[in-house]
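Colleague: Sequence:
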Amino acid sequence: MVNFTRRSTLGLAGAAAGSLILPRFSFAQGAKRPSITIAVQKITNNNTLDIWNEQSNVGERVFFPNLWEGLILRDWMGNQGPLPGLATEWKRIDDKTLELKLRKGVKFHNGDELTAEDVVFSFSAQRLFGTTQPAGGKTIFADDNKPVTAKELPAAIPGIGRRLWPALAGVEAVDKYTVRFHNATPDVTLEGRLYAFGSQIANRRAWDEAKTYVDWARKPVTTGAYMVGEYKPDVSLTLVAFDEYWGGRPPLAQIRFVEVPEVASRVNGLLSGEYDFACDLPPDQIATVKAAKGFEVQGSTINNHRISVFNTRNPILANPLMRRAMTHSIDRQAIVEALWAGQTKIPAGLQFPFYGPMFVEGWKVPEFNAKLAQDLIKQAGYKGDVIPFRLLNNYYTNQTSNGQIMVEMWKQVGLNVQIEMKENWGQIHDPAGVKGVRDWSASAAFSDPVSSIVAQFGPNGEVQQKKDWTNAEANQMASILETSTDAAARKKAFARMLEICEREDPVYQVLHQNAVFTGMKSSLKWKAAPAFAMDFRSSNWAI
1 MVNFTRRSTL GLAGAAAGSL ILPRFSFAQG AKRPSITIAV QKITNNNTLD
51 IWNEQSNVGE RVFFPNLWEG LILRDWMGNQ GPLPGLATEW KRIDDKTLEL
101 KLRKGVKFHN GDELTAEDVV FSFSAQRLFG TTQPAGGKTI FADDNKPVTA
151 KELPAAIPGI GRRLWPALAG VEAVDKYTVR FHNATPDVTL EGRLYAFGSQ
201 IANRRAWDEA KTYVDWARKP VTTGAYMVGE YKPDVSLTLV AFDEYWGGRP
251 PLAQIRFVEV PEVASRVNGL LSGEYDFACD LPPDQIATVK AAKGFEVQGS
301 TINNHRISVF NTRNPILANP LMRRAMTHSI DRQAIVEALW AGQTKIPAGL
351 QFPFYGPMFV EGWKVPEFNA KLAQDLIKQA GYKGDVIPFR LLNNYYTNQT
401 SNGQIMVEMW KQVGLNVQIE MKENWGQIHD PAGVKGVRDW SASAAFSDPV
451 SSIVAQFGPN GEVQQKKDWT NAEANQMASI LETSTDAAAR KKAFARMLEI
501 CEREDPVYQV LHQNAVFTGM KSSLKWKAAP AFAMDFRSSN WAI
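In terms of the UniProt record's numbering, the sequence shown has 13 at position 13, counting the first letter as 1, and numbering is strictly consecutive.
Please keep in mind that the hints were generated in silico from the structure rather than gathered at the bench. A few of these clues could be false.
Here are the computed lysine to any residue pairs in the SDA-like style, where the Cα-Cα straight-line distance is at most 25 Å [stated by the list, open to error]:
hint, residue 1, residue 2
1, K491, N398
2, K491, N475
3, K219, G229
4, K219, P233
5, K378, G356
6, K527, N398
7, K411, P388
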């Protein structure tokens, strides 16, 4: 049985599944199965298929749950909580240690059986952490300190790894099918971290045999229902059925993701029959697709919020009064009604209902109050200098229109914000030039605020790693959230962190909850998940 003890506050409930023995199928049988083509705005941001190098909304869509799998799986089609995956059961040894039993007979795409060695490798210095040390301690296993090989990791990956696993000291292979995760500090969220974006398992031998990191990262060997057939960066990704999949024979012969940046081209391609699915439809295109015979649109809000991020190295924005003024200048409800036809909502700050007992009731985003914004601007002594706003061209649905509306709202209270269009995330984060405001989104990878406000804005988060903002008290609250086992103390720390990050010393402003809409052929018996991910396993495809 899964032993959750008091960590059930994460919603980690559910029965463990036993080992599953399934018949094997030949790839010849796969030829009789249908294939599909999916038009997406973007396939990946960094031109790899590495879960750590590609932490993004677009990466979630092509990775999960079809290609990459973890010891614990996320219930993509349900409440987004935990399900047994490559591990059939898990239990706490103590506040720092989690033990998991691996599912026997799981095959990687190269035919290797999944063992504890692959799990240890997937969380090793060689694969992930580099020379970084866990918060509150040191790595405890010599194997984790092996030097990085010729497949040298991209410089960002160890830092990204520490966002999700700040205090992981090492993973121990107890036996061939048993592993223990050892943390340097107490952590009630270890189970949740295991089904978050990044904690999926890679094959050790494939890594060792690859000539370069890029060779490996463009065709990683994993355990999912589909494996990489062909990847053409910025063009297409083809996944093909893996018939020895432990979860049952995949229902499709292949899944082809095609990069189609323009919304109109995605819609036209769908209606002409070129594509079976068109992703990221803005609400104003839903009626067009629904009006066409044989087509429908599926979608919903998801556990992701659209936000703006402030850079406090900007001398204007170094004053928190200016950032507070910017948050009070935005009429979020007007944006929801104008761009989203009311099909999303303004959430209670950077939190999600599935936090359960950790959800801070009664919390709201800063009110739209132009008079208050003008008073704050006056107090700050603002002289009308330009505040740059780095923006991508509709990486997010309605992004450009949303940005233009916000600039006009800021203008109405006397703020001189100017859009700087950028081509990619590298340009958005480029330290050269003057930064000011940038667009972003924030997800909750599991049912605890550690997965969002701490992972993204805490001391190991991207914002502080890129030196956009920092706050000593907020970091103290983040530490309590990550290391305390006292539920009341953790919730108090979360509430205080919200107050600092959204009101006192704003690092971001929440605009609205994100929503995903997908156009598709009505003849396809498939259901959209309340996420960016698209599930094409047999449980979500009716033949």
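Colleague: If a hint holds in the structure, say so; if it doesn't, say that too.
Modeller: Evaluation of the provided hints:
1. With a C-alpha separation of about 34 Å, the suggested pairing of K491 with N398 is violated against the 25 Å cut-off.
2. Taken as a hint, the K491 and N475 pair is honoured in the structure, with Cα atoms around 15 Å apart against an allowance of 25 Å.
3. For the proposed pair K219 and G229, the alpha carbon gap of about 8 Å is at most 25 Å, so the pair holds.
4. Simply put, K219 and P233 have alpha-carbon atoms about 12 Å apart, close enough for the 25 Å limit, and the pair holds.
5. Straight-line distance between C-alpha atoms of K378 and G356 comes to about 40 Å, which puts the hinted pair past the 25 Å bound.
6. Distance restraint check for K527 and N398: the Cα-Cα separation of roughly 24 Å lies within the 25 Å cut-off, and the hinted pair is therefore satisfied.
7. With a CA separation close to 13 Å, the supplied pair K411 and P388 stays within the 25 Å bound.
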